[in-house]
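Produce the complete structure using the sequences and hints provided.
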Amino acid sequence: MKPTPSALLVCLLSLLTPVLVPGADKPPAPAAAPADLWTALKVCTYDNRAVLYAGLPGLADHVDAQIAALNAKRTTMGAKNISTQAWDFAMQELARSRIHLMSSSDDLINADRENWDQLKDQVGLAWVRTQDACGKVKASTTN
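Positions -23 to -1, 1 to 120 (mature numbering (1 follows the signal peptide of the UniProt record, and there is no 0)) are the ones given, in order, by the sequence shown.
Everything labelled a hint here was simulated from the structure, so no lab data went into it. Keep in mind the model is a prediction, meaning the values are calculated, not measured. By construction, the Cβ of each residue, glycine as well, lies at the ideal position given by its N, Cα and C atoms. Heads up, some of the hints might be wrong.
Claimed, not checked - Derived SDA-like pairs: lysine to any residue, alpha-carbon spacing no greater than 25 angstroms straight-line:
id	residue 1	residue 2
1	Lys19	Asn87
2	Lys50	Arg73
3	Lys115	Tyr30
4	Lys50	Lys19
5	Lys19	Ser60
6	Lys50	Ala31
7	Lys57	Lys115
8	Lys113	Tyr23
9	Lys19	Ser117
10	Lys113	Tyr30
11	Lys113	Ala27
12	Lys19	Asp38
13	Lys115	Asp84
14	Lys115	Asp65
Stated by the list, open to error - Computed beta-carbon distance windows for the label pairs:
id	residue 1	residue 2	range
15	Phe66	Leu102	28 to 36 angstroms
16	Val105	Thr52	26 to 34 angstroms
17	Asp24	Ala116	34 to 42 angstroms
18	Asp109	Asp38	47 to 55 angstroms
19	Asp24	Asp65	41 to 49 angstroms
20	Arg51	Asp13	20 to 28 angstroms
21	Thr52	Asp24	44 to 52 angstroms
Printed below as a string of structure tokens:
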């Protein structure tokens, strides 16, 4: 799949936003549309891999912000006498999926032209896994 020039522009602009917009260097809030984070990066080819590499920390930062928000909610659950068993189980999966995302990202950084697409797809799947796991944690804390 060859990215269109407009897709490459979106990818580049998403990385330049912190430089061009004061205060935009903060990690995105968990309420942001997380699919857009990966969508902007997945169009990057091997030839413009530096753009994708620069965007990978943003994925981890977003997951970390989601985890921090969920941990804050978790602290209030005990005070309300809400059972946390389902939350704890779902949170373990989120932690494992974050580790998988980081590992896949590390593998992608070492990719060559032959395995670039496969390893990039693995990062995409790991990203989806983190977002699914985050959704399960949220669903377990709707009490």
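Results for each hint:
1. Note on lysine 19 and asparagine 87: the hinted pairing holds, with a Cα-Cα distance of about 17 angstroms set against a maximum of 25 angstroms.
2. About 20 angstroms separates the Cα atoms of lysine 50 and arginine 73, which keeps this hinted pair within 25 angstroms; it holds.
3. Straight-line distance between C-alpha atoms of lysine 115 and tyrosine 30 comes to about 29 angstroms, which puts the hinted pair past the 25 angstroms bound.
4. A distance of roughly 31 angstroms separates the Cα atoms of lysine 50 and lysine 19; the hinted pair therefore is violated under the 25 angstroms criterion.
5. Between lysine 19 and serine 60, the direct Cα distance comes to roughly 39 angstroms. Violation of the 25 angstroms bound is thereby established for this hinted pair.
6. For the given pair, lysine 50 sits about 31 angstroms from alanine 31 by alpha-carbon distance, which is inconsistent with the 25 angstroms threshold.
7. The straight-line distance between the Cα atoms of lysine 57 and lysine 115 is roughly 16 angstroms, inside the 25 angstroms bound, and the hint therefore holds.
8. About 33 angstroms separates the Cα atoms of lysine 113 and tyrosine 23, which puts this hinted pair outside 25 angstroms; it is violated.
9. With a C-alpha separation of about 30 angstroms, the suggested pair lysine 19 and serine 117 falls outside the 25 angstroms cut-off, and the hint is violated.
10. About 28 angstroms separates the Cα atoms of lysine 113 and tyrosine 30, which puts this hinted pair outside 25 angstroms; it is violated.
11. With a C-alpha separation of about 33 angstroms, the suggested pairing of lysine 113 with alanine 27 is violated against the 25 angstroms cut-off.
12. Taken as a hint, the lysine 19 and aspartate 38 pair is honoured in the structure, with Cα atoms around 17 angstroms apart against an allowance of 25 angstroms.
13. Of the supplied pair hints, the one linking lysine 115 and aspartate 84 is violated, its CA atoms being roughly 29 angstroms apart against a limit of 25 angstroms.
14. For the hint linking lysine 115 to aspartate 65, the alpha-carbon distance of about 11 angstroms falls within 25 angstroms, and the restraint holds.
15. Separated by about 22 angstroms at the C-beta atoms, phenylalanine 66 and leucine 102 break the suggested range of 28 to 36 angstroms.
16. Separation of valine 105 from threonine 52 is about 28 angstroms and conforms to the stated range, judged on CB atoms against 26 to 34 angstroms.
17. For the pair aspartate 24 and alanine 116, the beta carbons lie near 40 angstroms from each other, so the given range of 34 to 42 angstroms is met.
18. For the pair aspartate 109 and aspartate 38, the beta carbons lie near 19 angstroms from each other, so the given range of 47 to 55 angstroms is not met.
19. Evaluation of the 41 to 49 angstroms hint for aspartate 24 and aspartate 65 yields a pass: the beta carbon distance comes to about 44 angstroms.
20. Separated by about 26 angstroms at the C-beta atoms, arginine 51 and aspartate 13 satisfy the suggested range of 20 to 28 angstroms.
21. For threonine 52 paired with aspartate 24, a C-beta distance near 46 angstroms keeps the hint of 44 to 52 angstroms intact.
When the structure is compared with the earlier hints, violations turn up for hints 3, 4, 5, 6, 8, 9, 10, 11, 13, 15, 18 and for no others.
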